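Chains as they are written, first to last, in numbering that gives the first Met the number 0: chain A, 0 to 266; chain B, 0 to 266; chain C, 0 to 266; chain D, 0 to 266.
Treat the hints with care, since some could be wrong.
Since copy identity is lost for identical chains, a pair holds within one copy or between any two.
Lysine to any residue pairs mimicking SDA-like chemistry, simulated, CA-CA at most 25 Å apart [said to hold, decoys possible]: (1) Lys35 with Asp119; (2) Lys205 with Trp141; (3) Lys185 with Gly265; (4) Lys241 with Gly201; (5) Lys86 with Ala200; (6) Lys103 with His179; (7) Lys115 with Asp65.
Simulated from the structure, these hints should not be mistaken for laboratory data. All values derive from a computational prediction rather than experimental measurement.
4 protein chains.
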Amino acid sequence: MSNNLLQGKNGVIFGALDEQSIAWKVAERCNEEGSKLVLTNAPIAMRFGTINALAEKVNAPVFGADATSDEDLENLFKNATEHFGGKIDFVLHSIGMSMNVRKKKDYTDLNYDFMKTTFDISAISFHRVMQTLWKQEAMKDWGSITALSYIAAQRVFPDYSEMAESKALLESFARSFGYHFGTRNKVRVNTVSQSPTMTTAGSGVKGFDEFFNYADKVSPLGNASAEACADYCVFLFSDLSKMVTMQNLFHDGGFSNMGMNPAVLGL
Amino acid sequence: MSNNLLQGKNGVIFGALDEQSIAWKVAERCNEEGSKLVLTNAPIAMRFGTINALAEKVNAPVFGADATSDEDLENLFKNATEHFGGKIDFVLHSIGMSMNVRKKKDYTDLNYDFMKTTFDISAISFHRVMQTLWKQEAMKDWGSITALSYIAAQRVFPDYSEMAESKALLESFARSFGYHFGTRNKVRVNTVSQSPTMTTAGSGVKGFDEFFNYADKVSPLGNASAEACADYCVFLFSDLSKMVTMQNLFHDGGFSNMGMNPAVLGL
Amino acid sequence: MSNNLLQGKNGVIFGALDEQSIAWKVAERCNEEGSKLVLTNAPIAMRFGTINALAEKVNAPVFGADATSDEDLENLFKNATEHFGGKIDFVLHSIGMSMNVRKKKDYTDLNYDFMKTTFDISAISFHRVMQTLWKQEAMKDWGSITALSYIAAQRVFPDYSEMAESKALLESFARSFGYHFGTRNKVRVNTVSQSPTMTTAGSGVKGFDEFFNYADKVSPLGNASAEACADYCVFLFSDLSKMVTMQNLFHDGGFSNMGMNPAVLGL
Amino acid sequence: MSNNLLQGKNGVIFGALDEQSIAWKVAERCNEEGSKLVLTNAPIAMRFGTINALAEKVNAPVFGADATSDEDLENLFKNATEHFGGKIDFVLHSIGMSMNVRKKKDYTDLNYDFMKTTFDISAISFHRVMQTLWKQEAMKDWGSITALSYIAAQRVFPDYSEMAESKALLESFARSFGYHFGTRNKVRVNTVSQSPTMTTAGSGVKGFDEFFNYADKVSPLGNASAEACADYCVFLFSDLSKMVTMQNLFHDGGFSNMGMNPAVLGL
């Protein structure tokens, strides 16, 4: 069902790997709400995933781009504005990967080259995206930029490892760049701190199933799904959220403000 | 313009005094978005204000209720559900009044009877509203309850006086009751922490103009208007925010996350 | 063992009921560290407790005072400064009582007269104490005022009921009055957010044992004891903390920043 | 004056460049309080600064170490424990440098190689220090590790540039590693978020003087000095803070909780 919330808007969506991806659901919902879209992902993720099926569904071109490459991002946004025949209204950053988690390194035995790659892909890419948009003056005034985050940026979930630091970085970039983009262009920048979600990426984390169920039990509304997250992103891209910026917004069924849920103790 | 976001929903709006009121703008926007409405305010506020003009505009009945009276609230919600012919989907609490501010008492010379009246009207009323709704089982599952707050709940704005404590109370009630209402009915409870707003109530605070301008300068997007706040409330009442609960949501053009804006120093 | 951290200082300690009380441990530690003390509690608490044994031990007079009575507080601080032959360096507020918890009322069925009494005793008393000290100019410059709080002020622990709101109020009073006292007298005001503690008051809360054990398991260092809390208070009263003000300080073995401890899942 | 708070303890201090440095003041105060010390800094900082004068004063060896080199850190801690004839009780991390700030790059035109160097030096070094200590089992049980941070980790101060992100990273490392070190060794890890301080490093930031004066005016107690920060660190290294961990502790004269100080508006 559509409320035409994004009619006439142009959006760029990073990170739709397959139909489990939050970015995938966001693209579908944005399409329903009337926006034109450009999809992008890293070349390697495009090979492993099924982004072309999405592209067909939402009638959008796919431009491959490595989000750690300034040149790739420059080309991406040039292609996107050319495709739209105008500036960009909204951008979703949904990119994250931890080398140390993949390699099953303990948090007390991290490899620092891996860590730097993790930060480059998962967080610095967000600054790169914004800096490229800034330099190209590619964002429309009153546009909206959103990245997906996780509460490990504030509190410790040991298995999340260095991704906690990646998300702390990501949220800080949102605040800092949000000041600049807000001042010059009234563009807002926010992060959505989403419940643990059963995506291909999420479920790669050790002990994910136990943790997913724990969070679901702690949260009075249960875990928020990828579909519900897509609804939140639609709001953030729509004109309903014009004055919301530099925020980290918990979308988690109430998890973040629970101290202790008796359900966990079996009480 | 309407996106039909509240089609088929029933809402109760507290606190529309006159057309400067945020609650007034919320009622107008909810009406545009297709909801049925019931308006309510304290009898004394109804005499001083112009709520009947709003009632006519949004085609809603007005039921007077003193939000410090359990009996009044019981009658209000009985009348509302009877009027709707069904349960309530959303409620806006926009009630605040400080006796000590009115009487121009210094924060270091407060009158405690005044303070208790302030808390009763401005914060305990929110618990009363929710407790009455709870006991009457008057909220529809997946409904939404929102109260308006201010950042003085977290940080010190000396002229705001005991309203800081009122808002801290209010936000705590949202979290606590949000747990219960979420667990039983999937009903979400949130507060919106709004920019200083040029309402009849707001402008009564000492030094309000200077402060309004200061906040406007600090915020990268400027102060959020009452109209923009109404948009945020529409989102919170719509199905787009189903998994957002127990949150205090800053709607302030970025004010809350600015440490220092060079514009204030004239740099 | 003493480090003479409070040599030459005068302190007033509220709320030592019996030797389980945190205030009791604070008084003992302050005495060890060389301060002169005045003890005080509500007349009824003095009858039920054993404060006179403490008074003897720390060589301090006991002046009864109902912390909801301005007159009692005025007399208390007059007596204290007379006893000290000078102004007061530090004050501990350790007062809390919930009528609704005692009467086992559900959070969705609270009695509002009880609630107001709870707030008056547990939180407004803190403003009263500071306002009385302010008016009497009884605090020495660079003095220190501390109240004991709990993380329920930020997050939901359902069994803690309306004490969550009391603590939210208390912490807000600390910030607000801290601004005024800091500006005029360089006096600092803080709250310590302490682990659940096995006191006579604490263990009255429903399900306290299960919760105590849960918090102990979540916290990497385990729950902080009353003795450790007394050490923290000594620091806050000493010259080592002169520039710390308007803060809520977690003293909890790390509980507050844990998202999920695998120990809880038995992982 | 000494309170013998660190009698019998062994500490390693990073980052004393010259006598303006906070680390310098910390070393002096730790020495007064009875601890044995090892000093360390990057070879290049040792050449530009005057650490040897400090070493003489506090009777401590200086072991040069590049905090971005695992090998250097391994040697440092081996030398330190050998010098002490035992394990380490406390560590101060006071290291920060921004390449992009030095090169006067705008936040919207950052060089990413510079940024990565900044993070490596200013934040990842903290993880490296802890990981090296962890692997060598060099920390005594109930030891204490502290790093110096700044409120730009939470809020935007535009001139602070990418150091905001560095501090967000640093504080996240403190939480994450604090969980592990607490669980295995009862070692606590915290960050102190200090007022802007007139150090050689601090004053290199653009517009520092104006900002320093602004913060001083906003803070009810004024800016906290390096000496006062040293007192806070002494507390954190002493047995008075045994149960405080994974916290970011504001040491700032109240700045962090001020929303608006009328003094800034000239009211």
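Against the structure shown, which of the earlier numbered hints fail to hold, in ascending order? Hints 1, 2 and 5 contradicted; others consistent.
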